[in-house]
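Please take these sequences and the hints and turn them into a complete structure.
From first to last, the protein sequence lines stand for chains W and B. Residue 1 is where the first sequence starts when you use the working numbering, and the numbers rise one by one after that. Residue 686 is where the second sequence starts when you use the working numbering, and the numbers rise one by one after that.
One should not assume that every hint holds.
[What the hints assert, rightly or not] Which stretches of chain B does chain W cover? Using the computed rule of at least three CB atoms under 8 Å from a CB of chain W, they are:
# : segment
1 : 700-713
2 : 783-797
[Said to hold, decoys possible] Over the 12 Å line for every Cβ pair with chain W, so calculated as not near, a few chain B residues:
#  : residue
3  : GLY736
4  : ALA739
5  : LEU742
6  : LEU743
7  : LEU746
8  : ARG754
9  : LYS757
10 : ARG758
Derived from the structure by calculation, the hints contain no laboratory data. Ideal placement from N, C-alpha and C gives every residue a C-beta, glycine not left out.
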Amino acid sequence: MSEAILHTETTELRAPAQPEAVASPVADELGPENERLALERTWRRPPGFLGWLTTTDHKEIGLRYIKTAFGFFVLAGILALHMRVQLALPKNTFLTNDVYNQFFTTHGTAMMFLFAVPMMEGMGIYLVPLMVGTRNVSFPRLLNFSYYLYLIGGICLFTGLAFNMGPDMGWFAYTPLSGPQYAPGHRMDLWSQMVTCVEISGMAAGVEIVTTVFKQRAPGMSLNRIPIFVWTQLVTSFMIIFAMPAITLCSTMLSMDRLTHLKTHFYNPAEGGDALLWQHLFWFFAHPEVYIIFIPATGFVSDIIIAFSRRRAFGYTALVLSMVATAFIGFGVWVHHMFATPLPRLGQGMFTAASLMIVVPNGVQMFCWLATLWSGRRPRFELPLVWVIAFIVVFLIGGLSGVILASVSVNVQATDTFFVVAHLHYVLIGGAVFPLFGAFYYWFPKWTGRMLNTAAGWWHFALFFIGFNLTFWPMHHLGLRGMTRRRYTYPEETGWMTLNMVATIGAFLMAAGVLVFIVNAMWSRRRGRVAGDNPWQAGTLEWATSSPPPSYNFLYPPTVRGREPLWEPEKEAPVIVGLSREKRQVLSTTVLDAAPHHRYDLAGESIWPFFLAFGVAATLMLGGIFNPWYVPGGIAVITLALFGWFWTSPALRERPSAQPHVAGQPRLWWLGRRGKSADVKSKDE
Amino acid sequence: MSESRASDSLAKDVALWAGVLGTPVIWSVQFLLGYALAPWSCPGRQVVLYGVTATGLLFALVGTVLSWRQWKRAGDVAPDDDEGAPFGRRRFLGALGMLVGVMFAVLMLAQGLPAFFFDPCWN
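Right under this line is the structure:
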């Protein structure tokens with residue numbers, strides 16, 4: 001590093017860039033083009049299949065998450081179509097009872113564990129580092145590990161289904177029905193090990209996002225300037241870290257109950273266990289999981305509304321309040337899934353209170369969105385915004401049926417009817433899938449550099465919106481008329497046929513909409529209109545780089561002076577220079593104020609995370625399904641993989657030189673002239 | 686902007702998080718205590734539940750007031766004001782803490798109410 005670089009103390013960073021302070025930065029010697037080439041050499045992944053397998057680029061892995069999760073969404077949707085065909089007519093024989101049981105369980109399991117949560121994580125993994133202005137997540141190898149573990153878990157579930165070993169006890173697998181007495185065979189074993197795999201992967205991704213948001217934000221991005229979407233990812237990741245241990249614990253206990261070698265009795269009341277313990281542990285995870293799915297979706301909604309009404313968020317603090325409050329209260333409502341069990345009424349009353357109160361922060365958030373739309377410039381009704389507005393309508397309906405179900409007296413009547421099915425699809429599809437499609441239209445240009453086709457997009461929206469309401473609205477009525485969920489058929493005298501037929505037609509309309517979207521995405525990624533860097537003129541940092549972003553994200557990592565950095569009046573914001581071009585180096589900043597702290601070398605590609613993922617999955621599958629004696633052997637493999645992982649990590653090898661602290665004060669090199677990295681790029685080209 | 690306002694002491698850091706994280710933690714303790722004590726309070730010991738609720742509310746009040754003081758001390762700083770950036774963040778956390786504190790106080794009140802109406806012996 002040249003001596004001529006300007007040294008600036010941390011405390012002075014807040015001062016506006018002084019023109020004379022830019023005299024001789026390194027970048028001028030090298031020139032942006034050479035800088036770019038050097039960075040490209042350092043950050044691109046190694047060539048060939050091995051490079052593809054071991055990549056640690058958050059954008060590549062994020063997109064893999066998104067594509068894989070979408071694949072599971074389609075598979076689980078196909079199962080749902082089978083179920084709808086079966087239910088369209090009374091006494092239908094399209095599916096047998098056993099196959100139907102496997103299908104609805106796999107549908108629910110795949111949608112919750114393999115689609116919704118990993119999809120939201122994938123969006124976060126792709127977008128969070130770009131939005132906070134850094135070059136990669138803080139533990140890139142962990143990312144590689146978590147993706148493969150998730151993939152293996154998902155493949156196991158569907159492989160099981162293909163070999164008539166699909167789980168058949170419902171996605172919440174209540175004991176004792178899922179215990180050794182009533183569920184012989186390996187169906188539930190496979191389910192519980194799959195869940196453990198996917199949740200360990202989820203926790204890894206959660207840790208990844210928390211550390212990236214806390215320690216790698218662009219200088220100046222203090223807590224009060226974090227983009228709303230990044231807030232949602234941060235809050236969600238904390239929820240993941242607190243909720244997922246409950247499910248890994250209870251599914252492991254279930255395996256131990258089921259394994260013939262162990263035969264524990266955690267859930268067996270006959271031997272002093274407690275069947276309700278499963279429900280407590282499971283819902284302590286699974287209710288927060290609903291918010292783990294929903295809160296990132298609110299982040300999409302906020303960012304899209306801000307971009308399209310072209311004003312800053314109305315009530316930024318209130319929006320953050322709403323997600324923090326929802327995240328906490330989400331852990332205090334789990335018993336409302338258990339109102340039909342003989343728990344003390346007074347305790348249930350407390351959970352009714354919490355379930356009703358969680359509506360308040362969500363209502364606050366709704367009003368913030370409406371106020372942002374209302375008070376901004378005349379909104380451009382393009383596809384992302386249209387999906388978001390549809391979300392507001394549909395989610396409101398789901399929220400209202402949720403308020404109804406929060407009451408113990410109503411809940412006891414409606415438990416396990418199609419009313420609940422209607423409610424949960426309105427909140428989950430309405431609350432997560434509608435914003436998600438909006439997000440696809442919004443960020444597709446960032447991923448591919450091209451816009452999705454608008455005409456096809458409107459068809460997609462119309463088919464999906466109409467189909468969705470046709471499918472799930474009648475289910476409210478079916479539930480009130482007494483149709484219980486999870487029944488594979490019904491006699492004609494019930495009079496349920498018409499509404500079921502309508503629902504089936506709606507399901508096929510939805511499927512047609514999704515098909516249109518898939519074709520549109522395939523076509524547009526190569527032949528769509530070229531998008532440019534910032535097609536929506538949005539204000540957050542992911543739009544400050546090219547579309548798709550280069551492997552190093554930003555030629556000069558940006559600094560930030562407001563909530564919507566690209567809308568700031570001054571064009572000349574300082575950027576960061578002085579990070580190594582030869583090593584994958586990022587700037588670590590402080591938690592509260594994002595003041596620069598030190599430079600941090602990231603780990604490069606390695607095959608060990610891949611091995612570790614296989615080791616963990618094999619240990620769980622073999623040990624948890626067949627014989628616990630596989631576990632010690634698996635632990636040996638895991639230990640080996642961990643040694644390989646850490647011995648090849650730069651943090652261990654190069655610690656002394658990686659953090660050049662000068663007399664306790666970290667120093668940084670600053671360049672005040674380049675303007676935004678986007679400007680630099682456009683000048684070069 | 687005086688130097689004393691900028692310096693971060695441990696006490697101030699604690700106060701900073703009192704509302705944002707402290708009140709929800711108090712809520713979870715109050716909630717779990719209440720839920721666990723509900724069956725135990727069966728023959729006419731509801732007064733314990735009232736006590737738990739009241740204590741929780743008291744703590745929420747403390748958290749809210751501490752946040753309010755943070756908010757007030759930070760002064761009126763816009764989020765885009767670069768000169769006063771640390772104060773903008775402090776102001777934000779103070780405001781957030783006040784909102785969270787009030788939210789969770791109302792929640793504790795709502796969850797305390799059933800004890801006044803339901804007989805804890807009712808299963």
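Worksheet entry | Numbers of unmet hints, in rising order | No numbers; nothing is violated.
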